[in-house]
Amino acid sequence: METLHTRLQEKFPNAQVTFANLEAGDHYIIVDTAHLHSIISYLKIDEHYTILMCLSGAEDSEFLQSVYHLFSESSRKKVTLKVRLPKDNPEVETIGDLWPGAYFFEREAYDLFGIIYKNHPDLRRIMLPEDWIGHPLRKNYIDPIQYQDINNERAYPCDVPNVTEKK
Amino acid sequence: MYELEKNNDNTMTLNMGPHHPSTHGVLRFILEMDGEIILSVKPDVGYLHRSIEKIGERVTYPAFMPYTDRVDYVAAANCNVGYALAVEKLMGIETPERAQYLRVIVSELNRIISHLLMTGVLAMDLGAYTPFLHAVREREKINDIFEILCGARLTYNLATIGGMPFDIKETTIRKCLEILEGLKKFLKEFDDLVTNNAIFISRLANIGVIDKETAKAFMLSGPNLRAAGAHWDLRKNETYFLYDRFKFDIAVGSGKAGTLGDSYDRFSVRMKEIETSISILEQAFKSLPSGEVQAKLPKTLKPPKGEVYVRTESARGELGYYIISDGTAKASRIKIRTGSFAAISILDKIGRGLMLSDLVAFMASLDLIAPEIDR
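Residue numbers (this note's numbering), protein chains in the order written: chain A, 1172 to 1338; chain B, 202 to 576.
Derived by calculation from the structure, the hints in this document are not laboratory data. Please note that a few of the clues may not be correct.
What the hints assert, rightly or not - Result set (DMTMM-like, lysine to aspartate or glutamate): computed pairs, CA atoms no more than 20 angstroms apart in a straight line: (1) B/LYS417 x A/GLU1244; (2) B/LYS506 x A/GLU1244; (3) B/LYS255 x A/GLU1233.
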C-alpha cells in the first residue's frame, strides 16, 4: 500500500495524497476532495481495483469523512481511501458512475451524516423520513424530544402506568 | 394492500408494500406500471431502521454482540462471529483452535437454516405452500441444535470476543450428524418436489438475468454473485477462521435451466450450498480439536487506536464490519455493510420490463431480508 501511495503521488502531483499508519488495523490513504473521482477511476481502470467493497461515512474530531474500501480481484489487494470534508460544507463528487451500486450507499451516508454527493441523481434520505431534522450519526446530534406529536420523553424511565404496587 | 393511482400518460403507479406477503418484512416498492409490465421500481426502505450503528457507539465492544443478532435474524450466528472476528483483528487477539472450529460449525448450521428458509419462501412466493412447510420442518431440527448449544432459537448471541461462550458435547455432535443424514434425504425429496418441477423451472428460468459485470457494478456478493458465474467465495478466496482446512467446492451458477445468472441459478446455487455446508460440517465434526474455547482477555476491552474492515461470507453475501476505534472502551464508529442493502439497488435496473408476478420471483431469488437492509 505504501508503494501504491507513491505511485499515486507521481500520477497526481497536484493532489494531496497522505498515507496514514495507525497503531492497529488497516492503513489508509487520505486524498483531497477535488481529485477523489479521478484517483478512484484511475485505481479502477489502471490499477484494477475493480470491486467497491464498502462506502461509508465517518467522523473524526474536526472533519466528516467519506470512506471507500476498494479491492482488486487480480492482485487480491485492498486499499482504503478517505476524503476529509469540512463539517459546515461536506461536498464530494459521487462515484456512482463507476459503480452504480454506490448510489444507495451514498444516500445512506447523506442521510446519517449529511455528506452531499455532487451529481448524484437521487440524493434523498433513505433510512429516515423525509421530514426528519438532523443527521443522527454525527457526534453532536441530540436525540429529538418528539417527532410528529409523538412524545419521546417519560418523567422517569421506570414509570409504567397502570401497575399496582406490591404491598 | 394496493393503492392505485392513474397517471396522465396511461401508466399507473402501484404501491407494493410495506405490508406485502412477498416482501419478506416491512419493505415498500413504488412501481410504475404499463398494464402488467413494470416501467420502474423505486424501493422505499427504512421501515425497520433501528439505528444499530448509533447504538454501537454508545455501548462497549462486548455489549454490542446481541445487537448484531438483529442485523440479520435469519443468519444471526454469521453476524455474531463476523463481529467477533472484526474486534479480534483490531485488538490482535488469537482465538483458540477449538473456538474457531465451533465458529465454523455454527456458521454453517446457520447458513443451512437461512438457505432452507429462502428456498421454502421462494416456492411460497410462487404460489406453492407445501415446500415451505417441508423446509421449515427441517429448519426446526437445526434450531433445536442451536437451543442445545446456546439456549436460543433465533437470536443467538453466541460468540464472545476471543472465543465462544459454550462448548459442544459429544451427544450434541451425534444428534447433529443424525440430523444432517436426514437433511440429505430431505434434499433429494425437495429436488423431486421443487427443483425439477416443470412449473417451478418455467417460473424462474430466464427471469431477472444478472450478468457478472452488472453484479460487480452493483456490488452484489455471496450467492447472488456466484449465480452470475463468478468463482468468488470469501471462505475460500479470503480464508478466515480455519476454512482452509476443509475441502469444498464453490457453488457457481450454471445456467442449466435457461440463462446464466437467472433466478433459477440463484435458487440452485443455494441448494448446492446446503450440500457444501453439510460436507464442511461433517469434516469439522470429524477433526474437531480439543482444548480451550475462550482466550484470556482483560476485563475491559480497549482496542488501540486504529480501524479495520473485516468481511465474512454470511448467508446473504458479504457481511463487512468497519470499526474505527479511538482507544476507548467504546467504538467511535461501527459500519455494517450487508448483502441485502447492496442487492436492493439492482431491483430497478433488472426489474424494468418484467411482469409484476415475475418481480416477486426475482425479489425472492435475491433473498432480501428487510432488517438487514435497514439495520
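Results of checking the hints against the structure:
1. The hinted pair formed by B/LYS417 and A/GLU1244 meets the criterion: a straight-line CA distance of about 11 angstroms does not exceed 20 angstroms.
2. Distance hint between B/LYS506 and A/GLU1244 is unfulfilled; the C-alpha atoms sit about 29 angstroms from each other, more than 20 angstroms.
3. The straight-line distance between the Cα atoms of B/LYS255 and A/GLU1233 is roughly 19 angstroms, inside the 20 angstroms bound, and the hint therefore holds.
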